[in-house]
Each structure stands twice: as C-alpha cells, then as structure tokens.
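J.: Could you slot chains B, C and D onto chain A? The hints should help.
Protein sequence lines correspond, in order, to chains A, B, C and D.
Residues 15 to 331 in the numbering used here are what the first sequence spells out, letter by letter.
Residues 15 to 331 in the numbering used here are what the second sequence spells out, letter by letter.
Residues 15 to 331 in the numbering used here are what the third sequence spells out, letter by letter.
Residues 15 to 331 in the numbering used here are what the fourth sequence spells out, letter by letter.
Treat the hints with care, as some may be off.
No copy is singled out in the list; a pair is fine if it fits within one copy or between any two copies.
As a list, the in silico DSBU-like pairs of lysine-lysine whose alpha-carbon atoms are at most 30 Å apart [said to hold, decoys possible]:
hint, residue 1, residue 2
1, Lys186, Lys175
2, Lys186, Lys292
3, Lys302, Lys209
4, Lys150, Lys289
5, Lys289, Lys159
6, Lys289, Lys267
7, Lys85, Lys30
8, Lys209, Lys49
9, Lys85, Lys289
10, Lys22, Lys186
11, Lys267, Lys209
12, Lys312, Lys267
13, Lys209, Lys159
14, Lys49, Lys175
15, Lys326, Lys302
16, Lys326, Lys295
17, Lys209, Lys266
18, Lys175, Lys209
19, Lys295, Lys312
20, Lys312, Lys266
21, Lys295, Lys85
22, Lys292, Lys267
23, Lys292, Lys326
24, Lys22, Lys175
25, Lys312, Lys289
Because the hints were derived from the structure by calculation, they are not lab data.
Below, each chain spelled out in residue letters.
Number of protein chains: 4
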Amino acid sequence: MALDNERKSEIEESRKQTETTFRVSSPGIEEILYKPLEVLDHGFIRVIDYMGNDNSVVQAARVSYGKGTKKTSEDRGLIQYLMRHHHTTPFEMCDIKLHVKLPIFIARQWIRHRTASVNEYSARYSILDNEFYIPKREQLAAQSKSNRQGRDEILDDENAKRVFDLLIEDSKSTYDHYREMLNEDENGNIIDENKTGLARELARMNLTLNYYTEWYWKTNLHNLLNFIRLRADSHAQYEIRVYAEIMQDIVKKWVPLTYEAFMEYRVNSVGVSGKGVKALKELIKGDKVTQETSGMSKREWAEFSEMFELQKILTNA
Amino acid sequence: MALDNERKSEIEESRKQTETTFRVSSPGIEEILYKPLEVLDHGFIRVIDYMGNDNSVVQAARVSYGKGTKKTSEDRGLIQYLMRHHHTTPFEMCDIKLHVKLPIFIARQWIRHRTASVNEYSARYSILDNEFYIPKREQLAAQSKSNRQGRDEILDDENAKRVFDLLIEDSKSTYDHYREMLNEDENGNIIDENKTGLARELARMNLTLNYYTEWYWKTNLHNLLNFIRLRADSHAQYEIRVYAEIMQDIVKKWVPLTYEAFMEYRVNSVGVSGKGVKALKELIKGDKVTQETSGMSKREWAEFSEMFELQKILTNA
Amino acid sequence: MALDNERKSEIEESRKQTETTFRVSSPGIEEILYKPLEVLDHGFIRVIDYMGNDNSVVQAARVSYGKGTKKTSEDRGLIQYLMRHHHTTPFEMCDIKLHVKLPIFIARQWIRHRTASVNEYSARYSILDNEFYIPKREQLAAQSKSNRQGRDEILDDENAKRVFDLLIEDSKSTYDHYREMLNEDENGNIIDENKTGLARELARMNLTLNYYTEWYWKTNLHNLLNFIRLRADSHAQYEIRVYAEIMQDIVKKWVPLTYEAFMEYRVNSVGVSGKGVKALKELIKGDKVTQETSGMSKREWAEFSEMFELQKILTNA
Amino acid sequence: MALDNERKSEIEESRKQTETTFRVSSPGIEEILYKPLEVLDHGFIRVIDYMGNDNSVVQAARVSYGKGTKKTSEDRGLIQYLMRHHHTTPFEMCDIKLHVKLPIFIARQWIRHRTASVNEYSARYSILDNEFYIPKREQLAAQSKSNRQGRDEILDDENAKRVFDLLIEDSKSTYDHYREMLNEDENGNIIDENKTGLARELARMNLTLNYYTEWYWKTNLHNLLNFIRLRADSHAQYEIRVYAEIMQDIVKKWVPLTYEAFMEYRVNSVGVSGKGVKALKELIKGDKVTQETSGMSKREWAEFSEMFELQKILTNA
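For reference, chain A alone in the conformation it holds in the complex:
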C-alpha cells in the first residue's frame, strides 16, 4: 500500500504514545521505531516491535535472576565468546518484528528463511496498489559470464533504455489489465457497469514479479543475523542486499555489543578448509604453495588466494 498521507499520519501517531514498562529496552532502536526506512524505489523496513537487548543475551547465557550485569566489559567478552564458539541459543532470546514492503521476486527469496513468522498482505482478499520496482540506471547490469547467477558490467545507454522501456511498459499494462479484469478502478469504483469483475485470487496472476507486496515479519536475533550474513553478502542479489544492509544498521542500533561480535566473527571472518589450513601453515613457514601442491581444485584455489590476497602478498615479497 502506498505510503500516503493517511498512513504517514498513522505512523506519526504511533510515535506520540509512550508506555512505562518494567521490561528492558534499547535506546538506539527506540529512536527509529515505526519509522519507514526507505529501500529501493517504493520499499521500506519499519521496526514495529522488539524484545530484549544485549543484556538479554548475557542474562540467558547465565540463566540469571536479575536483569543482567552492569559491567559492559564483561558482557562484551561473554558475547564475543558466545559468537566465536557458535553458542547460538542466547541470541535466540531477543526478537524483532518488522513491517517490510518489497518487490514480489525479492519476497520469494526472503521467504526461504523458514524460521520466522509472517503475515503477508493478501491479494486474494485485497487489491494490490499500482507500485512496481524499476531498477536505478546503475543497477541495470549484464548477465555475468563467469558466474551464472551474477551480474557483470552496467548496460550502455542504448541497452538500458530498451530495458527500461520494456519493464515500465509491461508493468503498467499488466496493472491496467489487472484493474480491467477486476472491473474496479484505483478509487474503488466499478469501471464498467455491464461487466463482471474477475475474482481477486485469479486476477492477481496477471501482475509482474516486480510488483510490491508487504508483510509483517518476525524473527529472533540469531536468525536475523543469519539472514544478514547471507543476504548482505556481496554474492547476494543487489535488490535483497539493500534490505539486509538496513537490517544490519538496525542491529547496530539495537544490540551494539552483539553487532560488534557479529562483524568480527561472522561478516569479516572466513572459513578455511582442511587443505586451506595445511596451506596456511606452509605459507607461514615461508614454504612455496601452489594450487597443485595444495590439493585444491582450481576454483577453490582461486577463492583461497583471494581470501588471503596471496597474489598481492607473494608478488610484493
């Protein structure tokens, strides 16, 4: 649903009411509660509710009786230990609920994360608004040749124009036909009194996959971090990455100590295979290692070299 003035004022209204609670809270996330954080051309993420903060992780790990310790330094150490050793259950003790508006083809990727609760706006029940995603100019990239599921260089003006024309034209015309089949215009009026509107659950199939949908999505901090690690990654499709990046910012505001540990032990960390460990030991000793002596496949060796910038290091040496 378009973020029109009525909805904007509903959101603003939400931020005028405060409650007093015995629960723990997080000042960072309170600042952005309910506010639409814009993503892509019509999408957003809104934090609707949350439970817990960094202390809750510590409290659960210790099965403690109070609200958690006061010494931040100890808590940081414990949180880093938990993250480093994949003791993940204490991170399940915090929850977050988001209201997300996103293109359908991205919603299809998103929903593959199964450990979450979802209530989606129903196009069986309601009519979708006329809002579709059109990439920015700099996102119109060619199919990658090396990686079958990636993008390559940006299209030149002529190719880009052609794509824009097709995308916009088809989005518009399929939506017009959707309304025509429903026999109901955007003001809720019947278009033609002599015609019968098709059932919504059928008409929706005429829309293209770049139409926006929206949902309430709730998950725990552990699963949220998993989502971010996979989807804020450079291999993820740009259109879901921008959502994951906003979520990463939300985590930073909500649970700063957990965020710090997550960056160090998940985002900036790497996994090294058995052969990789052996190769690293030899490299540290100063021995020469090649793809052949490492026992890795060409593809794996390329990944490994990039991981530790071997070409750069060994050439300079």
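T.: Frame of chain A, contents of chains B, C and D only:
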C-alpha cells in the same frame, strides 16, 4: 521446464531400474513413483522418493525392535487412536519427496508451509520456459460478494473472453520481452549480436505470476496431512486445491490405514466450540436452540447450523 | 538454584527500574513481571520479558500501519474469527520469555515442544543445588488400571509413608554422594584434601530425576497456547499440568481477548469425527443411536458419549 | 529394553526380508540396516530406515528429471561446491531414522537438537529395565581446572574405586526402590499382595540420570551433519561423542561423497575472525605478529595460535 521427450525418457529410464533393499516399502506408491501426475494445464506432481509405510507409524509409536506387527487389525486400531488423540509424532516418521511444477502465485501460497525442505529451479541461474497457467473456462469466476477471498458464479462468455484475451496476451508479451531483455531466444541463440543481455536475476521480474516454476519438496507424513487438510479444503483456492487432491490420492496409495484415519478424524471431522457443545447437548435433549440462546455470533451460528444441517433436520422434525 | 535472599533482592531490584518505550505494552502482565509464581515445592515460573499484546494480533492480521484499532469490540470479533478458523500466524506475532524452575523428569516432557528457544542451567559447568521434588500427600496415587499412563486412587497412609521414605532417602543419599564424588561441599569448600573431585559432567549422572533444573524458555503466543492446551489438559501428568495452569493465568493477564477466544475455541471445544457428526445429526433428529449403529469402536463410543454426556441426557429423557 | 534373545531374533528376522523398489538405495548402509551398533556399556544405534543417497543431493540441487548423473567426478565436484558455500538445502533431501539406546543425561543433551522427529519409550506408560551406565575406568576423570565444563587427568585407583562404589550402589538401590514403589518385580509379578503400586509416572522420578532410555529419532542429512560436527568434536562430552562417532561412520557408508566434503569443509576446517585474517596475511608476508599487535584477547590468541600451530612453526623458523 517443459516435459519434452528428453525429460519423458529420463523419467521412463528411472522406472527401468529396480533395487533390492532391506527397507520397508509400499506397493501402492511404487506403482506411481517418478510418473508425472498432471495438474492444471502444465503442472505436475512426481513422487521422487519416500521413506516408511503404515507399519513405520506403528513401529515408532511402540519403539519396537522389529519391522512392525503383522496383524493389520491391531495396527489399524492403533493408527486410529493416534490420529484421534493428536499423537502426531509417529506420523513424522514417514517422509515423502515430490517434484512439483506449479504457477508462481500458487508456489507463493505453498511455501507458507514452513516445515518442509525445498530446492527450487533458480531463475537467477537459469532461464524459465515459456509456460504459463491459463484457467479453464469453468474456473473463470467472479469475485465473491459474501466472502472477500472467494469466488462466485462463473463469468459469462463475453466477460470470459475478455479475461482470456488479456491473460494470454500479457503472458505472451511479457515473456517475449523477457527473452528480448536476455537477448537469448528459446534455442539458446543470441537474438541480436549488437545488444547486451540483461542479467537473468533482473530480467525475471518482467514475468507474470502465472508462469510456472518447479521444485523438489520434501516433508514428513504429519506435515503432508496438515497441508492436505488445509489446501484440499473447499475454502482453499482452486488452483492449489487440485494439487492437494492429488496428494491426497498419493497418501491413499502410500499409507492406506493412515489415510482412512485421516479422512475420519481430520477431513470429515469438525471442531465444536464450548458454546457449540452446550447447544448440541440441548438439541439432543430436544430443547429449542436459537442463535440468541446459544450465545454465538450470527456468523458462528450460521457455520454451526451448516455443520449439523440444523435447518434441514429441524424443519423436517 | 535456591531462591535465597540474594536472588530475591535481585528480582526486587528488577522491579524498581522502569523504562519509557514507544512499544505497545500490556498492563496485566506488567504487574507480575519478574515475580516468581510458585509451582510444586521448589519450582517457579517468572515472566522475564514479552512482546506485543492483543492489538499486535489484530495489527498483524491486517498488516496495518498504526498500532492497531481502538474499538475493542471489533478486535474481539477478529481475534475470535482467527482462533475459530485456525488462522494461527497472527498469534505468532507475540512472544514471551519465561524463567522456569522444574523437576528434571518434567523438563524432559516440556522440551518435547520443539518450537521454543531454551537456555538451561548447565550441570556440566555448575553444581546443582540440593533441591528435589517430593509430591504432596494427595498426589501419591496408584497406577491406573484402565489407563496405562494415568493415576488412580490415592495411596493409603501406610503405602504413602513407604513411598515418602524411599523417595526422600534416595534423593538425599544420591545428592550426598554427588557432593562426595565432586569432593566439594555446599559452601564450595573441598571436602577432603586428599581426594580428587570427579568431573561435574560425570558426577551429575548420580542424581535422581526429581532434582530441580531451571531454564530460560521463550516461545510465541501460538506455540504457548498449544503447550497449554496439551499440558493443562486433564490427561497430562499433574506435575506439568500445574505449570501449564500458571501459564494459562499469565495468558489471561497478558492478552485477555486472545485468552477468551482460546478458552472457547480450544479448551472448551471438542473435535468430532465423521462418524460422530453423523451420530449427532441422528440424535438431534431424535433417532436412537448406539455404539453398533454409529460404527464407532467401543473406546471411541465411550469417549463420544462422555463428550456429550449422552448417558445423562438420554436417561433423563 | 535389554537386547535379549527375543529382540535379537526380531532384528535378525528384519534382515531376512528384502523388497524390490524403484527408489535409489545405498549399498553401504544396507549392510548395517537394523543391526545394533554398540555404544557405551548398554547403548546402541540401529539404522531403521533411510531415504536417498549422494545422487539425491545432486538431483535436488539440479531439480533434475532423472535419478541423477552417472559421472561420479562431476557429482563429487558439485557436492564439494555445495558444502563449501553452505548451500545446505540439497542435503536436507536425504533422511535417516535411527533407533538409539542411551543414558538419560545424554538424551537430555541430544534432544536440544530440535530439528528432528522423536518417539521415546515412555516411562509413564511402561517400566524401565534395570540398565544403567557406568563409565569405563579410563573415563573417570577429574574436573578440569582450566575449562569449567571439561575433564582433566584420570582418577587414581583409590578415587576411582570410591566413585565406582557410589555410582553402582546408588544405581542399584534406586532401581530396587523404583520396583518396590511400583510393587512389581522384573518378571512382572506383584511383589507384595498387601501393598499398592505407585503410578509409573511418579515412581520413575526415583531413577538416577544414568539409566538408559531409548527412542526412534529421525532427521535429515543436513541436520545430522550439524549434530555430528558439534558432538563428535573434542569439546563435546565423551558419552555423547561416542554416539556421534558411530553416526559419522554411518554417514561414510551411506553417502561417501558427502562424507568426504563434510570432513574437508566442516570437520577439518576452521573459522578465522576478521582479526585472524589480518594476522594471517601479515604472517604470510613474514611479519611478526603478537597477541598485542593482533588486537585479539589472550584467550582468542591462544585459540588462534593453536589452530595454526604458530608456536611450533615460528620456533622452528
């Protein structure tokens, strides 16, 4: 992917190889293994693999040492008891893996059943075939007026023609433009040497929601029965109901005793609220009960009356 | 861990700090936050945190932009509709986190509810306190003869005394030996300087199953209601039922509209099989129905008769 | 239940019946189907059923129409790629069902892996056999001083004897009292006609945590590998590690290509933090790195040094 001759022969090939195994098996489901059971205009369900049979349910309930009992009558009684009392874990001990081809808007409903494993054909990686769903004439129904998410009477010829024209035209043109953006025709040839193909992960957004996708989907018997109960129900959308009905037939072939118990205690059973139980006791006594005296809302009373055909029974009496 | 003065004051301290938040809250549950609600002889349930209230259910069902409606009557109707028709996802949008202290043999039943997050006090890492469950006199019941997993009449004094003696004696002596193996007394002092303490992860195996453990347990409202429905039921073991009953009270305070719908459509409702529906229709018409004509098994007929108090109704008639 | 002659013959009987099936099979795992693989003093793991083999992983990743490719080299490459890049869903497409007998305190660790289906032998319903776990002499170790949840050196003879005496005495006497409370001996006879037996669901609480229980446990290959990685690890408690090691052998027989990839990219692999990657690059260049310059905590540096045997490498250099 279209079920062309190459794929048909791959499927036939699968049914030429048999294995000898110590595992239990189910003769009924072996008959249909791998065969595409057709659904809608281009869809199918294929049973790819299964684990367990009716005996496995009994065996798990008893934590027994052998393969299960020989006396079918005892097994039937136990399975009915388990189903009636919602002792669901023994039904989790059987698994089934399906290969399903289905329109994207149905895939979006289907995936909401979270307790399953899924591998979907990737349109980031590959190009979708030119196959889209067009409802049969008798499925083109008007929006229901009483039920916001249902269908009403079937469209007349004129309205139906208009809908068919729009659906077919948009499906075709969005697909043509998809190929044009990819700059690759259906034989895998470049369409125009002077153009650059858009990345697959972007081009796919131009397709309409009636395009077919396919996936491997694996779940256990308990979750499968839940799926069927919800989706073979008369309130489910026709286009997913036909899949659920095929799955109901598969269950009948695979685990006939479980099927029988499922029909009796799930499909043909009803839930009666606290007020409903009270009303039924009064009705059995021969007392008069109305919506007002029952304490139910109008809507609930209507549902209750229909459940027990009160109008018919009480009028005849 | 025993609820000693130090822990009691930690808990009281938690109730002295309040926070101001933009989140929705529930006044009913705020009243009991952190307080130990006593169960059995040494157990408790403490509500540590929660997310959402009745409005959150409504808000998610509507995918709405504001905090939810103001008209309680509409919300009640929607919540009842959702509960009646098993539209369960909106109830997943509320969460609760409990700190629970409970005997190990009950913890083993409890953990079978898989859709929850758990952090348990570790007896690999720490030493368990000397706290074990001894049933009250009126709970010492004989093995049921009709129901293999139930209880029958209460033991007479002599039999009860014998059981109490054995339970208490074994609980005490196994704990003494636990400490002896650890070579550490309850004040944390070494018992015998010349002996070596056994690893905690091993020594714990000498404790009996009535020893208390504790954990942080978090689940959503939907799963909490499932837990309560199964475990507050008369067929559940008394020792878990008392926990479930406390949880039912918590739900009443937290989300009163959901509680009301839950009682009507889950707790006080019944499931009627296909054969049962047929029998009910006949009974309403005034026809005679017997076990034989109903097609039910003896056991099922007995359950059905009890459900609708047929004996009482039909005898009086 | 003790593996007596009756049960042994039931098991042998299971291996006399074979079935012919169109399903894929795995010769390696067929060899051990149903056979009790012994663990600890009375425990076992029996493979009861399985679904899929290495080909099934490949088949799901490709959403293919046939049974899978014939070229083992291509399959191996794909399986290694999937494992290396944590594309885990194809591994969910294989399932295994185990019958496991294990001490209760280990069952309590095991059940924390939530994504599995379980049917446990019920001590509410039945009476447990007189079988309890007593560690071998070489497993009786002192509490670790450096690691609060580990073991240290093995106890000397005197300390060991004391522990054995206590464990065996308490196991026996609590079991005798269990039977006395039930008023039923091991042959199923009433012990004393003048006494009333306590309900089973209560009497069981007198047993110590080293008593054996058993269950049917079903999980998919992905979750099985997770279990093994965590529980076959040197930090896991010995008594669960021996079960995980048997399961690792089962995986080797069942899906040899997946096993190979699992060992290389999970078991023999390590995770390196952001600071660790930086330190490794410096070490490869030949720069000196210390705990201080690395920015790691002492504990983390110790772990890092051990991971790459820095002390050994840098001292020799």
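J.: Can you give me the call for Lys186 and Lys292, within, between, both or neither, at a CA distance of at most 30 Å?
T.: neither (57 Å within a copy, 51 Å between copies)
J.: Is the C-alpha distance from Lys49 to Lys175 at most 30 Å within one copy, between copies, in both cases, or in neither?
T.: Classified as neither; 34 Å inside a copy, 46 Å across copies.
J.: Given a CA cutoff of 30 Å, do Lys295 and Lys312 count as a within-copy pair, a between-copy pair, both, or neither?
T.: both (20 Å within a copy, 21 Å between copies)
J.: How would you label the pair Lys295, Lys85 (within, between, both, or neither) given a Cα cut-off of 30 Å?
T.: Neither: 38 Å inside a copy, 34 Å across copies.
J.: Indicate which option fits the pair Lys209, Lys266 if close means a Cα-Cα distance not exceeding 30 Å: within, between, both or neither.
T.: So Lys209 and Lys266 fail the 30 Å test inside a copy (54 Å) and across (43 Å) alike.
J.: State whether the alpha carbon distance between Lys292 and Lys267 is at most 30 Å within one copy, between copies, both, or neither.
T.: between (40 Å within a copy, 27 Å between copies)
J.: Cα distance capped at 30 Å. Does Lys22 pair with Lys175 within a copy, between copies, both, or neither?
T.: Classified as neither: same-chain Cα gap 34 Å, cross-chain 41 Å, threshold 30 Å.
J.: Taking 30 Å as the upper bound on the Cα-Cα distance, should Lys85 and Lys289 be classified as within, between, both, or neither?
T.: between (41 Å within a copy, 24 Å between copies)
J.: Up to 30 Å between alpha-carbons, please classify Lys289 paired with Lys267: within, between, both or neither.
T.: Between copies, since 23 Å is at most 30 Å while 39 Å is not.
J.: Quick one: Lys22 to Lys186, C-alpha cut-off 30 Å, is that within a copy, between copies, both, or neither?
T.: Within one copy only: 25 Å inside a chain, 39 Å across chains, cut-off 30 Å.
J.: If the cut is 30 Å between Cα atoms, do Lys312 and Lys267 qualify within a copy, between copies, both or neither?
T.: between (41 Å within a copy, 28 Å between copies)
J.: Is it within, between, both or neither when you check Lys326 against Lys295 at 30 Å Cα-Cα?
T.: both (18 Å within a copy, 10 Å between copies)
Violated hints, in rising order: 2, 3, 4, 8, 11, 14, 17, 21 and 24; the structure is consistent with all others.
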